[in-house]
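Participant: Sequence:
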Amino acid sequence: MCFPLCCSKRETRPVDKLEQESFFPALPCSHRACIFCDVSKENGFNIVWENENYTVFTDINPSSQHHLQIIPKTHIESVKSLDVSNVCMVREMLEIGHNILDSLDVPPHLQRLGFHIPPYISVTHLHMHAQALPYRSLMRRLKYPVVYGRNDQDKGFSWFIEAEQAIRVLEKGSQIRLLPC
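With the first letter of the sequence shown counted as 1, position 153 gets the number 254 in the numbering used here; the numbers rise by one all the way through.
Be aware that one or more of the hints could be misleading.
The calculated label-pair distances, taken between Cβ atoms and stated as ranges, are [claimed, not checked]:
#1 G274 - R237: 12 to 22 Å
#2 D139 - K273: 15 to 25 Å
#3 E143 - L243: 33 to 43 Å
#4 C189 - Y249: 39 to 49 Å
Taking lysine to any residue and the SDA-like style, the derived pairs with C-alpha atoms no more than 20 Å apart in a straight line are [as the list claims (entries may be wrong)]:
#5 K142 - H168
#6 K174 - F137
#7 K174 - D160
#8 K244 - Q212
#9 K174 - L234
#10 K174 - Q212
#11 K174 - W150
#12 K174 - I222
#13 K244 - D184
#14 K244 - K142
#15 K273 - K244
#16 K142 - N162
#17 K273 - Q254
#18 K244 - Y221
#19 K273 - D206
#20 K244 - L234
#21 K244 - E193
#22 K174 - H210
#23 K174 - D184
#24 K244 - K174
Hints are computed from structural coordinates only; laboratory data are not their basis.
Yeah, the Cβ is synthetic: ideal placement off N, Cα and C, and Gly gets one too.
Modelling step: build the complete structure from the supplied sequences, incorporating the hints.
Facilitator: Written out as structure tokens, the structure reads:
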């Protein structure tokens with residue numbers, strides 16, 4: 102295991118000033134109830150896979166036929182909170198997502214796994230979307246734009262980053278953001 106996780110301990114990482122002021126003006130996340138910290142069947146989640154570090158459940162409002170959320174059991178604010186030390190965790194989440202989509206007979210070229218970037222998130226708990234393409238509608242597709250970077254950048258301007266892009270950005274020691282990185 103690469104990333105120490107524990108379901109009974111909440112680890113919070115600070116959000117940047119823009120994220121706090123523009124999208125979450127109230128209390129820091131560590132002082133608010135986090136719905137993803139309490140994922141369970143008893144709380145209405147359709148859990149499809151779980152181990153001691155991660156939980157996978159179906160999205161409540163799926164954008165594609167198979168739309169899953171992969172979350173670490175330790176609270177991490179968002180993809181913007183990650184750094185090079187979290188590459189292994191993102192790789193593990195990616196592998197879990199691919200394995201589950203493979204078990205659902207989704208061909209590799211129709212699998213999309215990635216993260217929304219704050220302030221374009223609905224829950225302040227790191228969650229990877231694992232989806233089987235195509236999307237249900239054009240509007241759903243527009244929520245997950247994959248924009249490739251130029252020159253030495255792996256990602257262009259976008260509010261969504263594929264997991265592989267995120268790994269490359271983090272391995273370079275950069276932070277994930279809306280702007281190209």
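Participant: So which hints don't hold here, by number, going up?
Facilitator: Hints 1, 2, 4, 9, 10, 13, 14, 15, 19, 21, 22 and 24 are the ones this structure does not satisfy, whereas the remaining hints hold.
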